[in-house]
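Chemist: Chains as they are written, first to last, in our numbering: chain A, 1 to 263; chain B, 264 to 402; chain C, 403 to 696.
Simulated from the structure, these hints should not be mistaken for laboratory data.
Every residue gets a Cβ at the ideal spot worked out from N, C-alpha and C, and that includes glycine.
Don't take each hint at face value.
Claimed, not checked - Here's a subset of chain A near chain B, in silico, CB distances under 7 Å, partners left out:
1. 121
2. 129
3. 136
4. 166
Spelled out, the chains give:
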Amino acid sequence: MCETTTKQPEIKVATGDRAILPEGAKTIPIFVMGKQYQVPETLTIMKAMEFAGFKFLRGAGCRGGICGACPTVYRMAGDYKLHFGLACQTVVQANMYLAQIPFFPANRASYNIEEMNAAAEGIQALYPEIFRCVACNLCTKACPMEVKVMDYIAALKQGNIEKAARLSFDCIQCGLCASRCMGEIPQYHVAQLARRIFAKFIQPRFEHLVSRVKEIESGKYDQMLDELTKMDHETLKKIYVEREREPDLSTLGAWKPKETQYL
Amino acid sequence: MTLPMNAQNVSVDVSLVSIEKINTLSGENVKLCMQCGTCTAACPMADEMDFFPRKVMHLSQFGMLSRMNDINTYWKCASCHSCSVRCPRGIDIAKVMEALRQLVLRTSKNYIEPSEMPAAQIKELPAIVMVAGFRKLTS
Amino acid sequence: MKISYYPGCTLKLKAKNLELAGLASLKALGIDVEEMDRWNCCGAVYSLTDDDLIHHVGPVRNLVRAKERGADKLVTLCSMCYNTLARANQLMKTDVVKRDTINRFMDDEIDYAGEVEVIHYLTLLEEHVGWDKIKAKVKAPLTDLKVAPYYGCTLQRPQDVGIEPMGSFRLMTRLLEAIGATVVPFNSSDKCCGSYQVLNAPAGDNDAAANVLKAANQAGIEALATSCPLCEYNLGKQQEQFLAKSKITAHVPTFYFTQLLAMALGVSPEVCHFELNDIRSLQLLEAKNIQAAA
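Kindly produce the complete structure, drawing on both the sequences and the hints.
Modeler: Now the structure itself:
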């Protein structure tokens, strides 16, 4: 009764707008929370999981690698090394053992930004746990955005808010750093505060932004906006299609619109 | 092995396992202590301690951890090494104190709570205090 | 010979006076050190349990950075940084098994085996400048200032990383003499200030610090020279409370030794940031008519 003919595994095409299966795709085994699933190779972890029948109610957001909702931790069978990535960006590999960490409980201090100032002591007082950092660097190793997490925590211990703000700029708040921290530091929340303090109290204000805000407040654009909101659909469509556009790849400053009323 | 002993209505727990624990963690041999008390004499924090360092060494020699559960001696130790450099038996007593702290800290218990420190205090203290203090007093 | 400089966290915020006066002095003495551009906290206290290697990773990572920069020596100003880095360095040099474990854990860094020598600023002054040269460069000698060197714990203990043998305070004494101060014998130079225990006790309750200051009162010492931001904090910032509780009889102004050196070398007082010390520190210098000659 034993059938010996080798049969190609049947490829199921995922429904909806999720997995679009490339032609002739092979399937590979992956392990989600310890259970094996055969999924088409070349899919991202997120699409592979959806292919396998998982539905993301939480833990999925922009699907473009920037919202930080789908951090995933995985290990390759037989290897001790832990890997980290975003489920929407990381392509599945055969024999990867993975789990989603859509949320990690991390202390987020509450503060009134208006009562803060440029002194680093304010951040240190809200997050004294940064002094528990042992420089193990597991945070940096876990970061899917290659942020030098350990270095920005070091900068904040030294009181250097600007350095911390710049080093952490690519952070997408996924929380993988905090999940690995033996000092129990919520690095990504601390970094967000550092960037806020930097932007509000340290970074010089952009003058053109200030003048534009003034123009808006003075009502310079009110009439234009009123006209636009009252416009019928067809006219709106027409002026959108006919709008002036800067040519693609034009040299910086070389192009000026004819209509300069609102510049 | 735990031997319950009764002497003068005081119940004590002598534990070979605990002696071994202290020795392994500290890398020292508490049995070398001859109870001369030089450590206590050298200790800048002794006045604030529930038990003097000599007594803590004595209890350690018998592995009597339960008698040391609620004392502040090893939490008051400032790791200044005044005792270690003077011990005539060559015991690095600061390491024994660290072992006693670690036996507690490794069960995820904090001696001080960083989250409960007043913001004004943290703002005033130099970073070096928080780094050193949290290392010694939080798990 | 390339010498890298490791600042330490506190020197970038609360102890700027220690660092800026120290760096300005080196410049005045013509010594070139290269400040590390990437470094992390050393951990401040060396881990004392035998099986705890993770707490050595912080200091070792800094040593790795120094090695990467091709440094022969790594100089520090803060006593606690010195102690932690020097002890970690010694561990990496001598304990093959622990070194191997630490190197393997730090798979994101190059291997390290104690190639860089960790020295304290005072050692740098003696070995790379010399007391005579310092003396020759003094523009404003600290004449009549009765000062004692205060080493605290971590410059001397444990012995194998001490900058000099236990009970000897030669390095800072020679420095203070070279800059014209009167060095007063002091029996509490290596007594502990209470260290991080200040976290654990209200200000003014720190008897360890009060006892050091009381001994200074009794010895007729006008000022103490320190090298550690924690000592400076414990000794310098709680004197009002000590006085109120009658634990000491008079104020004892405290300075970082680099501030005294810088002033003697004619560095501007602004660089020495005396506003970070107790107000009496600068007042004492002014009373002694010690002003920058520059």
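Chemist: Does each hint fit the structure? Answer for all of them.
Modeler: Evaluated hints:
1. 121: Holds, because the Cβ-Cβ distance from residue 121 of chain A to chain B comes to roughly 4 Å (cut-off 7 Å).
2. 129: Constraint on residue 129 of chain A satisfied, holds at 6 Å.
3. 136: The hint is violated - residue 136 of chain A has no Cβ within 7 Å of chain B, the shortest such distance being about 14 Å.
4. 166: At about 21 Å, which exceeds the 7 Å cut-off, the nearest Cβ of chain B leaves the hint on residue 166 of chain A violated.
Hint compliance for this structure: hints 3 and 4 are broken, all remaining hints hold.
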